[in-house]
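S.K.: Chains as they are written, first to last, in the working numbering: chain B, 1 to 193; chain E, 1 to 193.
Treat the hints as calculated values from the structure; they're not laboratory data.
Each hint should be verified, as a subset may be incorrect.
As the list makes no split between identical chains, a pair holds if one copy fits it or if it spans any two.
[Stated by the list, open to error] In silico DSS-like links for lysine-lysine, alpha-carbon gap of 25 Å or less: (1) K58 / K92; (2) K92 / K123; (3) K123 / K58; (4) K92 / K105; (5) K123 / K3; (6) K92 / K106.
Number of protein chains: 2
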Amino acid sequence: MQKLGFERRGGVEGFLRALEEFHGYRAPGVVIGGFMVDLAVRQMRGHEMLDAVVETSKCLIDAVQLLTPCTAGNGWVRVIDSGRYALTLYDKVTFEGVRVWVDPKKLAGFPEIERWFFRRASKKDLPLEVLNPKIVAAGEGILSWRRVRVLTGAAGKRHAPEPRLCSDCGESFRAEGPERCPGCRGSYCEVVE
Amino acid sequence: MQKLGFERRGGVEGFLRALEEFHGYRAPGVVIGGFMVDLAVRQMRGHEMLDAVVETSKCLIDAVQLLTPCTAGNGWVRVIDSGRYALTLYDKVTFEGVRVWVDPKKLAGFPEIERWFFRRASKKDLPLEVLNPKIVAAGEGILSWRRVRVLTGAAGKRHAPEPRLCSDCGESFRAEGPERCPGCRGSYCEVVE
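Taking the hints into account, I'd like the entire structure generated from these sequences.
M.R.: Encoded structure:
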């Protein structure tokens, strides 16, 4: 049996240490993300093959990468950006899943977390040593969840076309379209001579 | 001094073990990626703050996540998909960097790797136990690299707008545009009643 959720890191403390090592510091968003993943895997118990979606490109994906076998590189977790702090864990085969989100209504009971979440507190005003224990104490108290079905169109893996050589740079690439790779049609960098 | 490249995992063998634990198996693309990252960090020695770009959404990002402090969640590594098997490590401040890629011309000297790379070999025909030692033996022999300057426009971090509540789902979201979050305008999942 694969270990999922906090159990995968030997508990919450082990998760926080792994987070610091992997992500660089104990980012509050990923701490919350740990509780989101832990709730989701518990609700998905019995499903062996899980995929994940995170709805923001910030932070949350690292909680999934630390507490499940899903990584950005193996493609089992993907970002589908809705700007919401939410994630879904779902069965690869049946597409049945659980969506978990930070519930603004529940934040009202946790004023420090609420101020941080809505960016009303500076880092000086609310340092990590104060904020993170509040998040751990709140645990799942700030979360809501629902059962969902992932739409197969949205979840369908795109299969990249076969590799071929770019008529311009000569590198191998995999993309639809012309014989010139997307990088040669506009790149993020220029060569330094 | 932070440890980067294979040194971060105690050598190539340590990297392969970490890869298996994190990614799920010793994916040949990530094994190659390890040598790409190791070459890049050596060329960027002396630069303390590094960001990374990977040019494919498949595999390669996990080599960066395992051998540098850059993770998908902390935003120090991003996918800018050109379909090419290439990555760039660059200085966060000066934008000077090194781009490394798998060089099709050099693959000719390594027929098994070439067959796998161009998808001419089945997994049965060329199992991991045969392919991966060939990749490790080839090492940087299949790679090329150049100094590059990352264009600040492409590399500029997008700052998400302040959080606000969606007029529809009531969740907090961060995105430009109307009062209705992108998830409510079209989601990847539906609620199961």
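S.K.: Each hint should be assessed against the structure and marked as holding or not.
M.R.: Outcome of the hint check:
With identical chains, the CA atoms of K58 and K92 are at most 25 Å apart both within one copy (24 Å) and between copies (18 Å). Taking the shortest Cα distances, K92 and K123 sit within 25 Å of each other only across copies (22 Å), while inside one copy they are farther apart (39 Å). Within a single copy, K123 and K58 get their C-alpha atoms as close as 18 Å, which meets the 25 Å cut-off; across copies the closest is 35 Å, which misses it. Taking the shortest Cα distances, K92 and K105 never come within 25 Å of each other, neither inside one copy (31 Å) nor across copies (38 Å).
Taking the shortest Cα distances, K123 and K3 never come within 25 Å of each other, neither inside one copy (34 Å) nor across copies (28 Å). In this homomeric assembly, K92 and K106 never come within 25 Å of each other (Cα to Cα): the closest approach is 31 Å inside a single copy and 38 Å across copies.
Violation of the numbered hints given earlier is confined to hints 4, 5 and 6; the remaining hints are satisfied by the structure.
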